[in-house]
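2 protein chains.
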Amino acid sequence: MHRIPKNHPRYISLRIRQRMVLGLARGLAAPEGLLAHGRGEAFDYLLGEMTQPEAKRAIRAAAAALLLAERPVISVNGNAASLVPEDLVALARAIPKAVIEVNLFHRTEGRIKKIARELETFSRGKVRILGPGANARLPGLGSQRAKTFRDGMLFADVVLVPLEDGDRAEALKRAKKKVIAIDLNPMSRTARSSDITIVDNIVRAMPLLASEAKKLQNASPSRLKKIITGFDNASNLKRALRRMQGKLPGSRF
Amino acid sequence: MHRIPKNHPRYISLRIRQRMVLGLARGLAAPEGLLAHGRGEAFDYLLGEMTQPEAKRAIRAAAAALLLAERPVISVNGNAASLVPEDLVALARAIPKAVIEVNLFHRTEGRIKKIARELETFSRGKVRILGPGANARLPGLGSQRAKTFRDGMLFADVVLVPLEDGDRAEALKRAKKKVIAIDLNPMSRTARSSDITIVDNIVRAMPLLASEAKKLQNASPSRLKKIITGFDNASNLKRALRRMQGKLPGSRF
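Protein sequence lines correspond, in order, to chains D and V.
Take 364 as the starting number for the first sequence in the working numbering and just add one per residue.
Take 364 as the starting number for the second sequence in the working numbering and just add one per residue.
Among the hints, a few may not be true.
[Said to hold, decoys possible] SDA-like cross-link-like pairs, simulated, lysine to any residue; straight-line CA separation at most 25 Å: (1) D:K539 to V:P372; (2) V:K610 to V:D595; (3) V:K601 to D:K369; (4) D:K369 to V:L504.
[As the list claims (entries may be wrong)] Distance ranges between label pairs, derived from CB positions: (5) V:K460 to D:R480: 52 to 58 Å; (6) D:P495 to V:G390: 26 to 32 Å; (7) D:S598 to V:I375: 29 to 35 Å.
Derived by calculation from the structure, the hints in this document are not laboratory data.
For each residue, glycine too, the CB sits at the ideal point set by N, CA and C.
Okay, chain D solo, but in the shape it has when bound (with noise of 0.2 Å):
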């Protein structure tokens, strides 16, 4: 691991790049999952690298939609798992019926083990995950990707899919379940395709997810209702997406 020196102008985005390395050295991560994070780097460059009030509000939504659900899964992918562990294990342990589900793009059953494992490091079994041994298949992918659990993904209501490919979010919104993504381009088939997109870094959704679920867990089914109806997604994405265009010609120019 290199020092990044505490005054370089990028210093957070090259810490979380280290947890990236770390995630590929110890095999949770793909490589290609450094290129998708690097992408998302761009993005969250325009954003000022800063949770921006559409985040909060989609987070929120998030937050109550998942709190309602009768199956509700969060879909965890190499970087997820690379970039927060703990807080995946912080928020399936804040929505009583969330199950975790290890869902890969390059899926081997070698790296589902191993996500799998360092995720039950944080939960010790308080949290049911479901790792290798798919037993189902999401119609519409491909016959690796489309891998899924009964338990998990096939009947669920509604997925959390942070980090996800615009091809298994279509997949799930074709199974009509209600798709919540973080993805920090606004303008991708994933972010599109949902129901709630957080458009933010993982890094810092994440917990606040977890926080905002916290909050709510004793809230009434009404009151949850009323958030995620207030929610709309598709003038939220608009107004995130104008924030990145004014950050274009910004002062950094």
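Start from chain D and add chain V according to the hints.
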């Protein structure tokens, strides 16, 4: 290597990613390089993944500046070597005085050797390649990063730094070099501190730069000087930025 379906909306971009994944597996690229590449990808997306007129103008000026130089140096890092090794050698061959210097952000002698060897397979002795055995230091950089060659960057008058970090680009400027950069982010420190900034994907820009150099090889010095003085980097960067801004609320949304 995973097969990418040809109808995937990001087919070309994902094919380029595979070169980076392969570069990592072969020990040419560092994991951090994959993150940096992904960051560039997002800006390329905002360029429409096409070489824009601003890039073509910068490429022409860059070719002229390299041909006019007394001691031109082409700096090569792990990403450049993974993506366009053959084009880097073709460029060096089109610039009679050019020397290639392998120079890494995350420097290890092993990786420098591998990159030099990779370039040598295309050069076959026809281009001078400075790999291991640095014998000089560029002032203003950390100890590992400062390493260079007397016959390389230290006494160069024009340096092409494709995909360079801002620290080194600025150190080269302080050392009074003419700096040519290839950088997809028009707002980066590298882009802003360079004399000629090619805002384009290196995969597209490098072959164009090599062929432009070949075309201008027999041009008179006065013609080359005219090309350079006719090029305004600051306004060219502003145009590139405006183009990206126009893309943000674009048709994909």
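A range of 52 to 58 Å was offered for this pair. Does it hold for the Cβ distance of K460 of chain V and R480 of chain D?
holds, 56 Å
Given the hint that K610 of chain V pairs with D595 of chain V, test it: the Cα-Cα distance must not exceed 25 Å.
OK: K610 of chain V and D595 of chain V at ~23 Å, within 25 Å.
The hint says 29 to 35 Å between S598 of chain D and I375 of chain V; measuring C-beta to C-beta, is that right?
holds, 32 Å
For the pair supplied as a hint, K369 of chain D and L504 of chain V, confirm whether the alpha-carbon distance does not exceed 25 Å.
Between K369 of chain D and L504 of chain V the Cα gap is close to 15 Å, so the pair holds against 25 Å.
The hint says 26 to 32 Å between P495 of chain D and G390 of chain V; measuring C-beta to C-beta, is that right?
holds, 30 Å
Run the distance test for K601 of chain V versus K369 of chain D: straight-line Cα separation, threshold 25 Å.
Roughly 30 Å between the alpha carbons, so the hint for K601 of chain V and K369 of chain D is violated.
Hinted pair K539 of chain D and P372 of chain V, Cα distance within 25 Å:
Answer holds: K539 of chain D to P372 of chain V is near 23 Å, not above 25 Å.
When the structure is compared with the earlier hints, a violation turns up for hint 3 alone.
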